[in-house]
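Hey, can you work out the whole structure from these sequences and the hints?
Taken in order, these protein sequences are the chains called Z and F.
Sequential numbering of the first sequence, starting at 1, is according to the working numbering.
Sequential numbering of the second sequence, starting at 1, is according to the working numbering.
Treat the hints loosely; a few may be bogus.
Keeping only pairs whose Cα atoms sit at most 25 Å apart, straight-line, the calculated SDA-like set for lysine to any residue is [to be verified]: (1) F/Lys263 / F/Pro248; (2) Z/Lys214 / F/Arg273; (3) Z/Lys180 / F/Tyr42; (4) Z/Lys214 / F/Val78; (5) F/Lys263 / F/Arg320; (6) Z/Lys214 / F/Pro248; (7) Z/Lys214 / F/Gln295; (8) Z/Lys180 / Z/Thr127; (9) F/Lys263 / Z/Lys180.
Covered by chain Z, per the in silico footprint, the following chain F stretches (three or more residues, Cβ under 8 Å) [stated by the list, open to error]: (10) 44 to 52; (11) 62 to 68; (12) 130 to 137; (13) 225 to 234; (14) 262 to 269; (15) 281 to 291; (16) 298 to 310.
Hints in this document: simulated from the structure, not taken from any laboratory.
Just so you know, even glycine gets a beta-carbon here, dropped at the ideal spot from N, CA and C.
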Amino acid sequence: MRRLPLHLAATLTVAICLFPVYWMVSTAFKPSPDIQTYHPRLVPRRWTLEHFRTAVDADGFGLFWRNSVLVTLGAVLLALVVALGAAYAVARMRWRGRRQFMLAVFIAQMAPWESLIIPVYIISRDTGMLDRLPTLTLVYFMITLPFTVVVLRGFIAGIPPELEEAAQVDGCTRAAAFRKVALPLLAPGLMATSLFGFITAWNEFTYANFLIIKQQDSRTLPVWLSSFQSTFGTDWGATMAASTLFALPALIIFLALQRHVTAGLASGGVKG
Amino acid sequence: MSTVRERSLPGSAGRSPARRMVQAPSRRPPRRDPGRAGPWPYLLIAPAVLGMLYLLVYPLVRAVLISFQDFRLRQLIVGDAEFVGLRNYRTLLSDPQFWEVVRRTFLFMAVDVVVIMALSTLVSLMVERLGRIVRTLVLSSLVLVWAVPVVAATTVFQWLFHSEFGIVNETLTGLGLSSFESYPWFAHGGTAFTIVVVLIVWQSVPFAAVTLYSALVTVPAELYESARMDGAGPVRIFRSVTFPLIRPIFMLVLSLEVIWTFKAFVQIWVMTRGGPGGATTILPVYAVQTALAGQRYDLGSAASMITVLLMSGVLVLYFRQLFRQEGEHL
Numbered sequence: 001m002r003r004l005p006l007h008l009a010a011t012l013t014v015a016i017c018l019f020p021v022y023w024m025v026s027t028a029f030k031p032s033p034d035i036q037t038y039h040p041r042l043v044p045r046r047w048t049l050e051h052f053r054t055a056v057d058a059d060g061f062g063l064f065w066r067n068s069v070l071v072t073l074g075a076v077l078l079a080l081v082v083a084l085g086a087a088y089a090v091a092r093m094r095w096r097g098r099r100q101f102m103l104a105v106f107i108a109q110m111a112p113w114e115s116l117i118i119p120v121y122i123i124s125r126d127t128g129m130l131d132r133l134p135t136l137t138l139v140y141f142m143i144t145l146p147f148t149v150v151v152l153r154g155f156i157a158g159i160p161p162e163l164e165e166a167a168q169v170d171g172c173t174r175a176a177a178f179r180k181v182a183l184p185l186l187a188p189g190l191m192a193t194s195l196f197g198f199i200t201a202w203n204e205f206t207y208a209n210f211l212i213i214k215q216q217d218s219r220t221l222p223v224w225l226s227s228f229q230s231t232f233g234t235d236w237g238a239t240m241a242a243s244t245l246f247a248l249p250a251l252i253i254f255l256a257l258q259r260h261v262t263a264g265l266a267s268g269g270v271k272g
Numbered sequence: 001m002s003t004v005r006e007r008s009l010p011g012s013a014g015r016s017p018a019r020r021m022v023q024a025p026s027r028r029p030p031r032r033d034p035g036r037a038g039p040w041p042y043l044l045i046a047p048a049v050l051g052m053l054y055l056l057v058y059p060l061v062r063a064v065l066i067s068f069q070d071f072r073l074r075q076l077i078v079g080d081a082e083f084v085g086l087r088n089y090r091t092l093l094s095d096p097q098f099w100e101v102v103r104r105t106f107l108f109m110a111v112d113v114v115v116i117m118a119l120s121t122l123v124s125l126m127v128e129r130l131g132r133i134v135r136t137l138v139l140s141s142l143v144l145v146w147a148v149p150v151v152a153a154t155t156v157f158q159w160l161f162h163s164e165f166g167i168v169n170e171t172l173t174g175l176g177l178s179s180f181e182s183y184p185w186f187a188h189g190g191t192a193f194t195i196v197v198v199l200i201v202w203q204s205v206p207f208a209a210v211t212l213y214s215a216l217v218t219v220p221a222e223l224y225e226s227a228r229m230d231g232a233g234p235v236r237i238f239r240s241v242t243f244p245l246i247r248p249i250f251m252l253v254l255s256l257e258v259i260w261t262f263k264a265f266v267q268i269w270v271m272t273r274g275g276p277g278g279a280t281t282i283l284p285v286y287a288v289q290t291a292l293a294g295q296r297y298d299l300g301s302a303a304s305m306i307t308v309l310l311m312s313g314v315l316v317l318y319f320r321q322l323f324r325q326e327g328e329h330l
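What follows is the structure, encoded as structure tokens:
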């Protein structure tokens with residue numbers, strides 16, 4: 001009985017967290033007449049896949065999905081490779097300028113990306129990179145890089161260097177020692193950081209909205225979704241179905257890797 | 001943060017290596033001399049440094065330059081921009097509408113951050129007291145909210161608060177508040193502002209709460225026991241035992257939330273475009289409106305630079321915090 005208020009609070013928290021998500025998914029499955037009603041029902045009376053069909057058949061849906069996947073994967077992989085090298089140099093080697101480099105990485109993490117749209121626009125235009133997916137990939141790579149370096153450095157520093165040294169004594173080169181001994185232990189760290197990178201790039205709207213202007217075929221899902229309401233008039237069923245399809249990969253990956261999220265958070269202390 | 005790392009990393013690094021480590025020291029090679037690392041570290045950081053120079057430093061320098069130039073549509077196309085000194089800054093700072101935007105930005109940030117920090121502290125304290133199953137349930141819902149993409153969440157909130165078919169109006173009317181029948185939330189400045197705040201709070205609490213919870217679990221249980229034996233109540237225990245111990249992470253989360261809410265752009269742009277009548281226009285929205293809609297790239301850049309300067313005040317706090325924790329690892 002003493003725990004009743006506690007459990008009420010927990011129930012309330014779960015309800016507030018999940019209701020908007022539930023409402024998005026359940027609207028997507030309701031037939032239009034049940035959506036456009038002054039008395040919406042909590043549980044759909046009838047179910048339909050019609051809105052998902054509308055969303056998937058919409059102009060360019062597959063193309064924008066492909067764009068989003070390409071840009072996201074490209075940015076995440078690039079950030080992982082580049083950050084792994086830098087994080088190893090910082091965590092395992094002593095060199096002049098190490099502190100200054102980490103300071104630069106910390107400052108870069110705070111970069112005011114929203115303030116850089118105009119110059120990035122001008123630079124991309126002058127180099128003929130406007131309206132192109134590689135531009136977005138590079139920007140997202142840069143947005144996620146500092147965070148990835150910080151977190152991976154934390155994970156590498158957590159692996160005792162003696163393990164690699166022992167492998168080197170046994171005849172491995174430094175690189176082979178890292179690959180065979182440290183890399184497998186780094187898997188959780190790599191997973192946590194790529195997750196944060198994935199969410200950042202999958203989510204990004206501002207640059208995608210302002211750097212892809214003429215070439216509509218290069219748009220990504222967030223931009224497409226934001227223009228969805230005007231494309232479909234007041235078709236809220238299709239809008240919610242599209243939102244569901246857009247959110248789905250992020251939801252699945254996040255829930256599957258939930259434990260690593262908190263571990264990565266604890267070692268990095270910062271969101272991407 | 002360092003206490004959290006010690007707790008979480010041994011688990012993620014696995015058990016067997018720790019056992020192998022015991023025999024390692026006897027055959028450990030001599031430690032490398034700091035001066036003998038050679039070119040390798042510089043080669044390893046080169047791609048990161050080049051990326052930061054080209055994609056971050058260079059645009060930043062360009063933004064600063066544009067803010068000191070006469071840079072409109074013509075200059076964007078032809079590229080013969082002239083330097084005009086502080087003219088753009090003078091124009092902005094003498095514009096009462098700009099000061100209104102600055103005032104609104106700080107109000108928006110303050111309301112968001114106070115609500116986020118209060119709610120997430122309460123949620124994290126609650127999660128800590130829950131049993132294993134309920135705790136997993138609550139944490140999973142928090143992580144789920146965190147994963148909902150910003151644009152998707154914004155669209156859903158527009159739907160929740162839809163004037164005619166929205167569930168919020170239906171619920172409020174059902175509770176007897178008949179004035180909410182077909183209430184147009186986005187047509188009034190005050191209510192549009194409130195919805196943006198609610199959306200940002202809903203999206204931000206999960207990260208803050210999960211981080212604070214990961215700090216709470218590092219507080220040794222013995223401390224609570226002895227405090228209780230000394231007769232301290234729950235509020236006193238929080239003030240004298242819990243808070244001082246989670247203070248570093250609390251301050252870290254606080255500074256991050258300040259920075260993120262100060263930079264909030266996507267939610268407002270997608271939901272209201274800064275309207276109605278500028279009621280939800282905060283600095284980042286103002287900068288983009290001025291630059292891209294008004295084609296005053298110079299004024300837009302100047303507004304962005306002022307935003308950056310205002311935020312640096314917060315950054316100073318953040319770095320002081322960060323260096324206290326990370327100093328020994330750098």
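Fill in: Unsatisfied constraints (hint numbers, rising)
As far as the earlier hints go, 6, 8, 9, 13 are violated by this structure, in ascending order.
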